[in-house]
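Engineer: Please build the complete structure, drawing on both the sequences and the hints.
Protein chains in written order, with this note's numbering: chain A, 1 to 535; chain B, 1 to 112.
None of these hints come from the bench; they were simulated from the model. Worth double-checking, as some hints may not be accurate.
[To be verified] Each computed EDC-like pair below joins lysine to aspartate or glutamate, with the alpha-carbon atoms no more than 16 Å apart: (1) B:LYS9 <-> B:ASP88; (2) A:LYS282 <-> B:GLU44; (3) B:LYS21 <-> B:GLU62; (4) A:LYS349 <-> B:GLU44; (5) B:LYS17 <-> B:ASP75; (6) A:LYS282 <-> B:GLU50; (7) A:LYS282 <-> B:GLU52; (8) A:LYS349 <-> B:GLU50; (9) B:LYS2 <-> B:ASP97.
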Amino acid sequence: MFTWKKLAALSLFTFIVLIVVGGHFSHHAGDPAGLATGATSDFLTASGAKEVPVSQVGVNALANEAGHLRVSINFTWTLITGFLVLFMQVGFALLVTGLTRAKNAAHMMMMNIAAFAIAFIAYYAVGFAFHFGGIAPVANLGGVGVLNSIKPAIANWGLIGTKGFFLQSGHTYDVGVMCLFLFEVVFMETAGYIIIGAIAERISFAGFIAAELLLGAIVYPIYGNWVWGGGFLAHLGQTYKLGHGAVDFAGSGVVHATGGWIALALAIHLGPRIGKFGKDGKPHAFPGHNLGYVVVGTLVLVFGWMGFNPGSTLGATDLRISVVAVNTLLAACFGFVTAMAYTNAQNGKPDISMACNGMLAGLVAITAPCAFVAPWAASIIGIVAGFLVCWSVAFWDRAKVDDPCGAISVHGVCGVWGVLSVGIFADGTYGAGWNGISGNVKGLLYGGASQLGAQVVDVIVGFAWAFGITYIAFLVIKQFVQIRVSADVEIEGLDMPEFGAYCYPDFVLHPSTGNLAESDVMSTTASRTTSPEPA
Amino acid sequence: MKLVTAIVKPFKLDDVKEALKGYGIHGMTVTESRGFGRQRGHNEVYRGAEYEIEFVPKVRIEVLVDDIQATAVVDTIMTAARTGTIGDGKIWVTDTDAVFRIRTGEVGAEAV
Numbered sequence: 001m002f003t004w005k006k007l008a009a010l011s012l013f014t015f016i017v018l019i020v021v022g023g024h025f026s027h028h029a030g031d032p033a034g035l036a037t038g039a040t041s042d043f044l045t046a047s048g049a050k051e052v053p054v055s056q057v058g059v060n061a062l063a064n065e066a067g068h069l070r071v072s073i074n075f076t077w078t079l080i081t082g083f084l085v086l087f088m089q090v091g092f093a094l095l096v097t098g099l100t101r102a103k104n105a106a107h108m109m110m111m112n113i114a115a116f117a118i119a120f121i122a123y124y125a126v127g128f129a130f131h132f133g134g135i136a137p138v139a140n141l142g143g144v145g146v147l148n149s150i151k152p153a154i155a156n157w158g159l160i161g162t163k164g165f166f167l168q169s170g171h172t173y174d175v176g177v178m179c180l181f182l183f184e185v186v187f188m189e190t191a192g193y194i195i196i197g198a199i200a201e202r203i204s205f206a207g208f209i210a211a212e213l214l215l216g217a218i219v220y221p222i223y224g225n226w227v228w229g230g231g232f233l234a235h236l237g238q239t240y241k242l243g244h245g246a247v248d249f250a251g252s253g254v255v256h257a258t259g260g261w262i263a264l265a266l267a268i269h270l271g272p273r274i275g276k277f278g279k280d281g282k283p284h285a286f287p288g289h290n291l292g293y294v295v296v297g298t299l300v301l302v303f304g305w306m307g308f309n310p311g312s313t314l315g316a317t318d319l320r321i322s323v324v325a326v327n328t329l330l331a332a333c334f335g336f337v338t339a340m341a342y343t344n345a346q347n348g349k350p351d352i353s354m355a356c357n358g359m360l361a362g363l364v365a366i367t368a369p370c371a372f373v374a375p376w377a378a379s380i381i382g383i384v385a386g387f388l389v390c391w392s393v394a395f396w397d398r399a400k401v402d403d404p405c406g407a408i409s410v411h412g413v414c415g416v417w418g419v420l421s422v423g424i425f426a427d428g429t430y431g432a433g434w435n436g437i438s439g440n441v442k443g444l445l446y447g448g449a450s451q452l453g454a455q456v457v458d459v460i461v462g463f464a465w466a467f468g469i470t471y472i473a474f475l476v477i478k479q480f481v482q483i484r485v486s487a488d489v490e491i492e493g494l495d496m497p498e499f500g501a502y503c504y505p506d507f508v509l510h511p512s513t514g515n516l517a518e519s520d521v522m523s524t525t526a527s528r529t530t531s532p533e534p535a
Numbered sequence: 001m002k003l004v005t006a007i008v009k010p011f012k013l014d015d016v017k018e019a020l021k022g023y024g025i026h027g028m029t030v031t032e033s034r035g036f037g038r039q040r041g042h043n044e045v046y047r048g049a050e051y052e053i054e055f056v057p058k059v060r061i062e063v064l065v066d067d068i069q070a071t072a073v074v075d076t077i078m079t080a081a082r083t084g085t086i087g088d089g090k091i092w093v094t095d096t097d098a099v100f101r102i103r104t105g106e107v108g109a110e111a112v
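Structural biologist: As structure tokens, then:
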């Protein structure tokens, strides 16, 4: 009978061996000092010339400097926007903690920060290699040509990258690789904390850690490889003549829909919170304990999104960044106004938390198309997302899936809308050579019906993978780990039983809802009795 | 001695305090509280689901007075706290056997 302590010790041992062995055998053929990254060739590639004549020595030196500066500017942009994406973690911690009850606030905050550390390590160990281990050279970052192994080695049918484990294997100790890693790991973190919104107030911390490891090491990076790492979805243009293949600029699908569908699988495994649905099946409201957190959190996320989307050019030398930034904010504002107006029409008052969800829905939806559409289209994408999120929250309530913060609606449903909208609104002004297909990206409205086909395939594969693999994995995991806290703990609040500390120890907490009367509560025992005895 | 206890709307606290100071009472104690009366709570909608706010926020005021002051203090509070709409609250008066001032050990009316 193995115990968790043995397993943890074994993992740690493996980890150390991998780092030591990886370090020993890595010959550092990358560019760890950054002296060779960014040279004449980077300038020539950008300017379209073949070579500088030998006679023009001065020009050659100038071109060398220009190439280095070009890559430096792109490094700066990519790193700074990566730091902005990292800051979104703050916004999400505030958002989901504000949307839940005070008795679970410390648990919510701890999950947010633990998601960061745990998923980060999983992505560093194997996730990044699976994701980008076979990406073709990234011109904006001066190459990163060492990430060149995708398997299986059949043209256009790659499934998984195999270089860059522990940022060591395959000579990936390289400035370009590190720059790419920093930007991509914070994107993975985004999917990592999205799931918290749907599993809040009932998942055990042990179950949560299992979910983060699965997400950071397997679910997120492998699908990410198919779209961004040179995998088969990116090559649907070559294989099936579907436009430019799956086009997802900053990750409506790769990041948000993936996070949303993982959240859905987990929410189904966990079952609803006690008291969420009455005996008559009607959803009860558990008002969030701090709408101030919700609003501030939403605004921090908007700010962070200014890194998320514009940064996805991986370079400031691509001046499309201004279009991307403006489109992003337009969709956010239209999403907010639509959700605000919709709830006002439905209930007679605008719902603050739904309006904030509407703003995030607009952001999620514009994330895939932001670089390919005109401002008018960004506005429409935001409006549709604002409606979708309101409809979707009610839909999951009717389906008896309990999603305390609307993560499945905001990220899953609106993420899908974002991916599809590329195939509708892309206006053919950007994306030359995207995924190796010549010409700009065009959607249905501009004569590119096949692009929409690629987007549909992307959406279906993305859902099947993220939802399917998580659902199946947790069928197994919950045989070993108690993924849901006991009913007593849930009713008391998770803070003290799970972490031995209250978030607000100086206050007596009294939830503002009286809906927890035993007689009115639908049974949730099905999901609770499947947990084994603790070891 | 009497203990006058009043449950009033929170935003009326300042009016009641000023009126009681104007009358000349020596002290009062205020507690945040929640409750419902005959009007019950009210319904709101949160993220599409209706819920009832059953316990409405109130302020509980306690004033210790001499027997002869009780009626006047009740009148003062009633006038100051009244808005004429539902939820204005209640006042009740209870007999108090003994009152002590902790610092000096004074007893009875002197301690009020």
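Engineer: Going straight from one Cα to the other, do LYS282 (chain A) and GLU52 (chain B) come out at no more than 16 Å?
Structural biologist: 14 Å, holds
Engineer: Hinted pair, alpha-carbon criterion (16 Å max): LYS282 (chain A), GLU50 (chain B). Please report holds or violated.
Structural biologist: 9 Å, holds
Engineer: Given the hint that LYS349 (chain A) pairs with GLU50 (chain B), does the C-alpha gap stay at or below 16 Å?
Structural biologist: 13 Å, holds
Engineer: Quick one, are LYS9 (chain B) and ASP88 (chain B) close enough, alpha carbons at most 16 Å?
Structural biologist: With a Cα-Cα distance of about 6 Å, the restraint between LYS9 (chain B) and ASP88 (chain B) holds, given a limit of 16 Å.
Engineer: Verify the proposed pairing of LYS282 (chain A) with GLU44 (chain B), using a straight-line Cα cut of 16 Å.
Structural biologist: 15 Å, holds
Engineer: Taking only the CA atoms, is the gap from LYS2 (chain B) to ASP97 (chain B) under or equal to 16 Å?
Structural biologist: Since the Cα atoms of LYS2 (chain B) and ASP97 (chain B) sit roughly 9 Å apart, the hinted pair holds (cutoff 16 Å).
Engineer: Is LYS349 (chain A) close enough to GLU44 (chain B), meaning Cα to Cα at most 16 Å?
Structural biologist: 9 Å, holds
Engineer: If you draw a straight line from the CA of LYS21 (chain B) to the CA of GLU62 (chain B), is it 16 Å or shorter?
Structural biologist: 14 Å, holds
Engineer: Holds or violated: LYS17 (chain B) with ASP75 (chain B), Cα cutoff 16 Å?
Structural biologist: 13 Å, holds
Going down the numbered hints, you'll see the structure goes against none, and every one checks out.
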